[in-house]
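For the record, the sequence lines run as chains A and B.
Just so you know, the first sequence maps onto residues 1 to 630 in the working numbering.
Just so you know, the second sequence maps onto residues 1 to 161 in the working numbering.
Simulated from the structure, these hints should not be mistaken for laboratory data.
Just so it is clear, CB atoms sit at the ideal spot from N, CA and C, and this is done for glycine as well.
Hints may contain errors.
[Stated by the list, open to error] Quick list of the computed label-pair ranges, beta carbon to beta carbon: (1) A:Ala620 to B:Lys13: 36 to 44 Å; (2) B:Thr154 to A:Asn570: 30 to 38 Å; (3) A:Asn311 to B:Arg67: 40 to 48 Å; (4) B:Thr154 to A:Pro398: 52 to 60 Å; (5) B:Glu125 to A:Pro398: 56 to 64 Å; (6) A:Thr258 to B:Ala119: 55 to 63 Å.
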Amino acid sequence: MIDKQDIINEIELDRFELFEKPHYSFAFDRRDFIKGFGLGIVFIVPVTRALAQQRGESGRGGFNQSLPNDVSAWIHIAEDGGITVFTGKVEVGQNTRTTLTQSVADELHVPLGSVHLVMGDTDVVPFDMGTFGSRSTPTMAPQLRKAAAAAREMLIAMAADQMKVAPADLRIVDARFVNHDKSKILTLAEVAKGRKLVKVIPEDIAITQPKDWTIAGTSVTKVDAKAFVTGAHNYTTDIQREGMLFGKVVRPSAFNATLVSADTKAAEAMPGVKVVTDGNFIGVAAPDQQIATRAANAIVTNWKAPAQPSNAELFEGLRKTPVGEGGGGIRPQGSVPTGMAAADKKLEQSYTVAYIAHAPLEPRAAVAEWNGDKLTVWTGTQRPFGVRGELAEAFHVPQEKVRVLVPDTGSGYGGKHTGECATEAARLAKATGKPVKLVWTREEEFTWAYFRPAGVIDVKSGVKNDGTITAWEFHNYNSGSAGLQIKYDIPNNEIRFHESNSPLRQGSYRGLAATANHFARESHIDELANAVNLDALEFRLKNTKDERLRGVLTAAANKFGWGKTKSAANHGFGISCGFEKGGYVATCVEISLESPTSKEDPKNKRVRIVRVVEAFDCGAVVNPMQLKNQ
Amino acid sequence: MAKVTDLNVNGKKMTVDVDATASLLSVLRNDLHLTGSKYGCGEGQCGACTVLLEGQPVRSCITQVARAAGKQITTIEGLERDGNLHPLQDAFIKADAMQCAYCTSGMIMAAAGLLKKTARPSRDEIIEGMNGNICRCGTYQRIIEAIQIASGQTTTKEAAR
Chain A
1 MIDKQDIINE IELDRFELFE KPHYSFAFDR RDFIKGFGLG IVFIVPVTRA LAQQRGESGR
61 GGFNQSLPND VSAWIHIAED GGITVFTGKV EVGQNTRTTL TQSVADELHV PLGSVHLVMG
121 DTDVVPFDMG TFGSRSTPTM APQLRKAAAA AREMLIAMAA DQMKVAPADL RIVDARFVNH
181 DKSKILTLAE VAKGRKLVKV IPEDIAITQP KDWTIAGTSV TKVDAKAFVT GAHNYTTDIQ
241 REGMLFGKVV RPSAFNATLV SADTKAAEAM PGVKVVTDGN FIGVAAPDQQ IATRAANAIV
301 TNWKAPAQPS NAELFEGLRK TPVGEGGGGI RPQGSVPTGM AAADKKLEQS YTVAYIAHAP
361 LEPRAAVAEW NGDKLTVWTG TQRPFGVRGE LAEAFHVPQE KVRVLVPDTG SGYGGKHTGE
421 CATEAARLAK ATGKPVKLVW TREEEFTWAY FRPAGVIDVK SGVKNDGTIT AWEFHNYNSG
481 SAGLQIKYDI PNNEIRFHES NSPLRQGSYR GLAATANHFA RESHIDELAN AVNLDALEFR
541 LKNTKDERLR GVLTAAANKF GWGKTKSAAN HGFGISCGFE KGGYVATCVE ISLESPTSKE
601 DPKNKRVRIV RVVEAFDCGA VVNPMQLKNQ
Chain B
1 MAKVTDLNVN GKKMTVDVDA TASLLSVLRN DLHLTGSKYG CGEGQCGACT VLLEGQPVRS
61 CITQVARAAG KQITTIEGLE RDGNLHPLQD AFIKADAMQC AYCTSGMIMA AAGLLKKTAR
121 PSRDEIIEGM NGNICRCGTY QRIIEAIQIA SGQTTTKEAA R
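Whenever a hint applies, use it, and build me the whole structure from the sequences.
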């Protein structure tokens with residue numbers, strides 16, 4: 001158990017970062033496994049702990065492996081000089097394939113086009129926890145750079161030996177080894193000769209610093225864009241296998257419902273249809289999608305569903321249903337009652353955030369194929385090794401018997417961390433002995449995928465008439481702890497995250513709870529500024545000494561021309577700022593309220609965003625164009 | 001049940017054996033293995049499945065295959081000419097008008113339909129014409145820029161940005 005007092009500023013935390021509980025288990029189930037790990041869910045995984053796990057500490061499926069430190073695990077140079085790089089990160093539209101390719105090409109001094117990344121294939125890439133939490137650029141890029149730097153040094157030594165010159169006399173220019181007077185030149189292919197690069201990556205190997213980047217730091221378009229504009233790229237939904245069937249799952253009547261009875265006779269009578277029932281799972285496999293859908297619709301089910309709260313009861317319910325010791329926070333400072341006593345003005349306010357769906361344009365999809373006891377699954381997931389673990393558990397096979405491949409995927413936004421679709425497809429494939437493709441419908445996406453957690457945030461604060469904030473008490477119920485940290489200097493504060501019992505499935509979501517915590521905090525800061533009649537920018541600057549936060553606030557405000565025009569009826573300006581995952585951001589927005597069109601409710605004005613100016617200080621930028629696209 | 005046995009796809013006559021009520025999208029993807037057109041919603045709401053029928057953009061997921069029989073069907077796979085990308089395909093690369101790119105083929109087909117109707121659409125006409133094609137990653141500004149590039153109204157501005 002993590003000592004909550006240890007969760008301090010430099011540690012990033014979020015329980016939803018990693019896991020949403022697997023939705024259901026099969027009859028030959030995972031009960032034994034769950035017993036062994038309590039609830040089987042890691043509630044709070046600060047990055048330091050997560051990295052410790054990645055380095056070898058044991059944990060839930062997919063966490064018990066260490067990173068290889070041999071060059072050959074990461075980089076291979078073929079006989080023709082083509083460079084293949086292996087990473088467990090996956091491409092889901094954040095264009096990390098492009099930016100990681102840039103980093104490797106940069107470190108090796110080779111053209112971008114000579115580097116090809118193999119991503120998210122658990123049989124061939126080094127273990128990886130998953131693609132989430134904005135970790136690919138800060139952790140995988142340096143990891144690949146280290147491997148590339150070690151490879152480069154090794155290749156230079158090999159080339160020097162071959163060319164009979166001192167290694168210091170050699171440079172790599174455009175994938176060629178060149179000596180000082182260019183009298184001797186060898187290509188990468190001539191040096192590597194397709195050999196495996198066996199060398200331990202030194203812990204302290206130097207990697208190229210941003211000021212010396214040549215390929216990284218430039219705006220490069222998506223490396224394999226042509227495959228996408230021609231329709232040639234195969235997403236999971238496009239994978240075809242010999243003899244492949246199409247699957248369809250019969251969904252319960254409600255979240256947490258249990259199956260009372262099912263009449264599958266009509267479906268089973270359909271030609272080519274196989275019905276699979278196992279505990280609460282009912283699915284069909286059929287030669288084509290239409291028949292599968294028809295068969296699933298023909299199954300008559302009777303479910304028993306527990307009562308659920310209404311929308312009106314939701315937020316109070318989240319406040320009142322704490323889960324065990326779950327939660328966390330920032331180490332409190334001073335005394336909130338003392339701070340409140342010192343205040344001239346006091347405020348209390350609550351902010352709510354809704355459950356929202358990720359709605360990736362490519363729905364959850366999987367193609368599963370058994371060859372004997374070896375299971376191969378193509379699926380769009382952000383955690384290929386995690387899904388491999390889930391499949392191994394569900395089917396009681398060793399992880400080595402499961403291969404998960406992740407084709408570049410039609411987005412995820414944090415929604416594709418779990419492997420339920422892969423598990424469902426594999427269950428149907430197991431029963432039919434044939435490859436099965438399962439693609440969730442849009443309706444299933446909106447009803448059966450996990451959601452971004454809903455939450456309620458209660459804030460209590462005090463401020464002096466001169467604009468000094470004296471007290472700050474902040475309680476986030478259920479939405480999460482990302483972005484909880486404040487960069488305002490408030491001597492008395494208590495900031496807590498409380499985990500609740502969610503009536504719906506919930507899990508990671510792009511930005512995690514940073515969106516909710518920033519929304520609540522910055523809204524409240526505005527209300528405080530208003531209470532003491534101070535300008536929103538001036539009030540923020542008065543309450544923070546953080547140079548980088550002041551930097552983005554000032555940069556955004558200057559570019560925007562903050563304060564040059566005063567708000568008027570139906571026309572206003574807003575500013576907010578924040579810090580998360582090492583990045584600082586400030587945004588100025590101008591909005592206007594306009595009359596509704598004739599088709600709309602005359603009572604509702606239309607909000608028009610006139611302009612937005614955002615300042616973002618995120619450190620070295622690997623690809624400015626992709627950053628803007630994000 | 002009535003069957004459809006012939007389709008004219010990307011200038012070629014293709015033989016199929018499918019129910020007349022099957023969606024054009026499922027026939028293209030599962031029977032003809034032309035998987036460039038995507039399933040996004042199955043309800044005609046997202047545009048990922050857009051193809052051209054006699055040059056007009058249609059949502060293939062809600063178009064029964066019988067409606068397409070005997071007509072010229074153009075999919076993303078049919079845009080290249082003699083190994084050269086269509087100007088829209090080129091422009092989408094130049095403008096980097098994609099992130100996960102799952103919407104891209106539908107975007108390009110919808111844009112192809114738009115440019116057939118209006119060779120040099122204004123920004124507002126592009127927004128109007130492309131309204132209904134969803135990019136969940138939010139790459140709309142670049143998609144507009146790509147269509148402007150393809151219609152010869154601008155060159156890529158990325159270097160200057």
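Which constraints among the numbered hints does this structure fail? Numbers only, ascending.
1
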